[in-house]
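Visitor: Chains X and S, in that order, are what the protein sequence lines are. Note that our numbering has the first sequence beginning at 1, numbered continuously upward. Note that our numbering has the second sequence beginning at 1, numbered continuously upward.
Since the hints were made in silico from the structure, they are not lab data. Don't take every hint at face value.
Claimed, not checked - Below are the PhoX-like pairs computed for lysine-lysine, each with C-alpha atoms no more than 20 Å apart in a straight line: (1) Lys195/S to Lys41/X; (2) Lys198/S to Lys154/S; (3) Lys41/X to Lys198/S; (4) Lys198/S to Lys188/S.
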Amino acid sequence: MRTSELAGALGLEVLQGEFGDREISGGYTSDLLSDVMANAKDGAVLVTIQAHKNTVAVASLVGLAAVLVCNGREAPQDMLEAARAEGIAVLRSASTQFEVSGRLYAALAAQAPAGA
Amino acid sequence: MPSVPISPESGPQVVLELIYRLKVRDAMSSPVIWASPGASMRAVQYLMRDNRITGVPVAVEDRLVGIVSMGDVIEALDAGRMDEPVESRMTRAVISLEDDMPLAFATTYINRYKFGRFPVLDREARLVGIVTSSDVVRSLLVAMNREVERLEEKLAAAAAAEAAPPPADGRVRLSFQVTRFDFENAGKASAEIKKALKGLGLDPALIRRAAVASYELELNQVIHSEGGSIACVAGAGSVEIRAEDRGPGIPDVEAAMREGFSTANEWIRSLGFGAGMGLPNARRVSDDFSIDSGPGRGTTVRCRINY
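All chains should be built: construct the whole structure from the sequences, respecting the hints.
Guide: Here it is in structure tokens:
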């Protein structure tokens, strides 16, 4: 699945839609930025409730394709501007991290039956 | 009553940090002018006139029992009841603040309840002060002035660093100033370091390790230090990141190196920091790691990654 297909596949709201479209390598769910820094993989989608500029800084350093904000959290303008500058998609869901992670996992697994 | 146009949920990080770092006691007037329940409304009117205030808490010893506003005095005047005791005309259900609450509570209360003033109680529920919206605005302006000054100093230092000529020995040397609680710019040094390492054509996995180390050290300075610098020297087989700050120092370095150990406050944690993974992460990605710190002096951390 590509970044551009995430919103449609998971029913997400696109908050920041200017990004370099790429193949999604996987997902990582965490609200601890050091944990994301240490464990998230290049090209992955971050599922989180941390909607602020520092999330984008970490996403950019790790090379994440998209930040997926859960629980319908408000994403401040400076976060979206930073994400635009870095070419990282910011998407939002009203659901919890648990539900969104489940949907993302299923969608990625369906595409790569050999194991995602 | 004028509201305070600052939201405790959104806005620049610097301002959010201010309204959570400052306490109600930093903004309140103390000692507070108060009246006893038996005082006449006329006595309260004189208190207001002589002290140029528009509200007076009513207390027995140091226990708050009510509050009288200028409006109550005007009504009593109109009804010819100025000789009645305050306790017959005061508001008994008083909304008060605690001196230890963040100033964010005061801005929220002012905007929500629209009262002109809030009595302040201490932990033992003693009346210790009173806070008005102009007290809050004044203390915020003073604090914001200080922050702007600090940002200006930082900009000047960055401009000076940029003007310095680059050395020509094939190595990349970078240095960045880091300011306490500057979450607005947190991660910028690491982003620049990452960009420079990419420019050297280094392996992505190596760049990732260097980015983890510099980001953790940079954020440690933002969260815990009084400010410092992050320097990176890359080339000839290694990337070295050196983080040096001005204090306050780590009392127990061994504990700080343990995963999960953190001294960050709730506000820092709510941003997703302070999980106690910073230093352990930095050490994990390094081939060579050293830390030098102690109470009352600065902390210096060096991470070397070989290639």
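Visitor: Take the hints in turn and mark each one as holding or not.
Guide: Evaluation of the provided hints:
no.	hint	verdict
1	Lys195/S to Lys41/X	holds (18 Å)
2	Lys198/S to Lys154/S	violated (26 Å)
3	Lys41/X to Lys198/S	holds (18 Å)
4	Lys198/S to Lys188/S	holds (15 Å)
Of the numbered hints listed earlier, the single one contradicted by the structure is hint 2.
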